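There are 2 protein chains.
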Amino acid sequence: CSLTEKQTNGSSPNIIILLMDDMGWGDLGVLGQPSKETPNLDAMAAQGILLTNFYTANPLCSPSRAALLTGRLPVRNGFYTTNAHARNAYTPQEIVGGISKDEILLPEMLKKNGYISKIVGKWHLGHRPQYLPLEHGFDEWFGSPNCHFGPYNIMCFPHLTQLYILFEGMDFIRRQTEAKQPFFLYWAADATHSPVYASKNFLGKSQRGRYGDAVMELDYSIGQILSLLQNLGIEENTFVFFTSDNGAALMSGPQESGSNGPFLCGKETTFEGGMREPAIAWWPGHIKGGAVSLQPANVMDLFTTSLAVAGISPPDDRMLDGLDLTPVLLNGSHQLDNRPIFFYRGNEMMAVRLGQYKAHYWTWSNSLEELKDGINFCPGQEVPGVTTHDQKEHTLQPLIFHLGRDPGEKYPLSVLSKEYQEVLCSVSAVVRQHQKTLVPGMPQLNMCDLAVMNWSPPGCEKLGKCLKPPTSAPWKCNWPH
Amino acid sequence: CSLTEKQTNGSSPNIIILLMDDMGWGDLGVLGQPSKETPNLDAMAAQGILLTNFYTANPLCSPSRAALLTGRLPVRNGFYTTNAHARNAYTPQEIVGGISKDEILLPEMLKKNGYISKIVGKWHLGHRPQYLPLEHGFDEWFGSPNCHFGPYNIMCFPHLTQLYILFEGMDFIRRQTEAKQPFFLYWAADATHSPVYASKNFLGKSQRGRYGDAVMELDYSIGQILSLLQNLGIEENTFVFFTSDNGAALMSGPQESGSNGPFLCGKETTFEGGMREPAIAWWPGHIKGGAVSLQPANVMDLFTTSLAVAGISPPDDRMLDGLDLTPVLLNGSHQLDNRPIFFYRGNEMMAVRLGQYKAHYWTWSNSLEELKDGINFCPGQEVPGVTTHDQKEHTLQPLIFHLGRDPGEKYPLSVLSKEYQEVLCSVSAVVRQHQKTLVPGMPQLNMCDLAVMNWSPPGCEKLGKCLKPPTSAPWKCNWPH
Ligand SMILES: [Ca+2]
Ligand SMILES: [Ca+2]
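If you read the sequences in order, they're chains A and B.
Residue numbers are given in the numbering used here: position 343 of the first sequence equals residue 343, and the series is strictly consecutive.
Residue numbers are given in the numbering used here: position 476 of the second sequence equals residue 476, and the series is strictly consecutive.
Bear in mind the hints are in silico, worked out from the structure with no lab data behind them.
Note that this is a predicted model, so its numbers are computed, not measured.
Some hints could be false.
It does not matter which identical chain is used: a pair holds within one copy or between any two.
Stated by the list, open to error - With a straight-line Cα cutoff of 25 angstroms, these simulated DSS-like cross-link-like pairs (lysine-lysine) come out:
hint	residue 1	residue 2
1	K465	K410
2	K111	K476
3	K372	K111
4	K205	K410
5	K101	K111
6	K476	K436
7	K436	K36
8	K36	K288
9	K288	K205
10	K418	K205
11	K101	K468
12	K436	K465
13	K465	K101
14	K36	K476
15	K200	K180
16	K288	K418
17	K180	K462
18	K180	K112
19	K418	K180
20	K180	K111
21	K200	K418
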């Protein structure tokens, strides 16, 4: 509040990415959550632009986050597995791999224009020393490499932690502002990941149970952050983007997971419920308030768009999947409407969206064996031939949906229709081009080894809890879905 | 526009009910329709109050409309059938019955304070002479008794008609305003009922196909009506309520039906998708803009609330199901939070909502036979033990859902939980009280007869299309679901 002089030199606006964990498209009031418990996010949308066709790059934490920070599909940046066909993979404690040194992360790029970067919250790009945030361009880090697992079997964030997550973010903003230092804050709160949690002030406050309490606290926290920017007078010099890393984790049940609104299935699947995310861009004085964009966009665009905002050219020595959205966000341009969005599991392209159409080349929810064990990625939903329990190939005749008429992916176009034939023609050309030029990165999520677990975390000596790692005995990780 | 003097005497504010046909909760941008194509309704919500827990009285046109205009459940006002257990019924051309002379309709009550009333659009409370609108308190009528059927097999509204529906409504508003005459406009557009239609200017404009075109035109029309009120300077003297008569008709497919958002199933069912409706109250200067109310409410409240707005005491010689919502709408009162909402099929109470809980005493989507014929009220949705295809009784142990945590009705509470036992206790008391005092009206929708069809509609002589009615041969109507 001491700074009244507005920092609007414009050459290096601050950048804040607010990334939620497993929050669903339908969890925001402005996107139809019936209890309407997100007044701050709804206000953020009213002051900014709401993107209703925004996607993640993968329906799971680690690959989604790797894609956001590299601007590249997981199949390119290495955050995938080839152990079995079309499997989701992430970074449990026993994972050997992590984000490669060959990848260039957003904070590394931003350094070129003198940005200071901080990650607050969940990293999830590998926990071995060489993979940690400070090795990949971040200057500060508060949080943990993974979450919800570990040799000590503790949650990485205890019940008070959302307060720390908020404090650490706000403190960073305050310090950099005082130092007149352009900054990048990657604020990756994980309160909505099962086991969900909220601080005492929010417990029991929601109509939606504990999950809703967590959403309410995150909404409150984001309101605090935006207010701080305004109080510091830097709101017109700070580009803020809100989104989530994947769809709501429906398999966790109603107390522990959110809503994907009208969309099919959830986390772990390449249906809309797994991939479509809430998304709001906010930048007073630059982005017109109350706008809605139907632009198909994704988390990889945040890499490219952030660089554009910072006035930095993207790396030219590699293929990027992200596009610069500033023409869309700042000027309402429709030039990018026909860019494709790809949906992967592992190194298999499961589906592609082009314009309003989405073509599924492979369908799979999860296996019948898992389903029998009570794991269900599509509870209460069953679309014959679509939410298949075997890996069903449609490459010769993809299932095509019109997402405007049928956002729930329930009614595939008739293959005999003219519409189908025309769409197939244009989609096929895009897919051929994509696959022809695709060079997969080295898969980082193939190998597991108990020896790489964090047996001796910092401070373990004092607690007498340092453990001796077992002998290395790597195996191919088992990725069941 | 000629009237600049504001009419705000307050004793007899105008009343406008905008009733949509088969429009779903999820069709409004402000309620999460991904294409966000309802700018006027979204603005209406921003200037008024959005009720996210608003219900119809029955998941079908006729009983819903009868309930709205009488303030009474269909089982009381006669708009139901006893031909078979728990069946939905309406007024096809061959129906013998209609709205009883013993019922008091809203326009009849409003006459007491000198209101002039007009219905524009769909009536659906019986087409025989004694059942028509002008016999039941309306002073003007533009529209048709039924829709989409008839001996001539014409749609009741041709493609141009939404323009007439709009014109007739606006013309009425203008005329009454000029005459300084308090008015009630019941604007019952049916463009979103299959076969959906839109005027030329809107065809092909939506991302959502023809259904979306119809929604866009209705949204435009409502914007025109609200603008007219403002231009006439009567917006602070006109109470406007927007809602729909039942959930989206999912069985009609993606081109011909809308979205029920995150809710289960649709039209014809007593799940949330069939019963929960979009609802907005708008009254500048009286209702605080941008408010959201979680008040459980329903169309029958519109009868009682309209009377309260008009300063008229409700009839005291009969049981009313509607409550006066003005404390909720005008003052944000929470006193009515624990009022029950009943869900019927025929004369069977299928379910009841109390607070956040909904207890199903009977479940039924539709029969397996219908399902095999391709009729599906829950396409793509199948919740074991909930969306049952036989009429499943749970009266001894109702299925109970917490609609805040689980708006999609997928996770019944465990009957062993303390929560279940406590809820059952309070719900049972409410149900006992309801059933003990319930006196069913004479069922109007039991008998059909080809002789009552409209064989000689007005003007048939000129066209040479008058037909001779067959001999009367009544039968018990067959209501399949
Ligand atoms: Ca996640
Ligand atoms: Ca209807």
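Hints violated by the structure (numbers, ascending):
1, 2, 3, 6, 7, 11, 12, 13, 14, 15, 16, 17, 19
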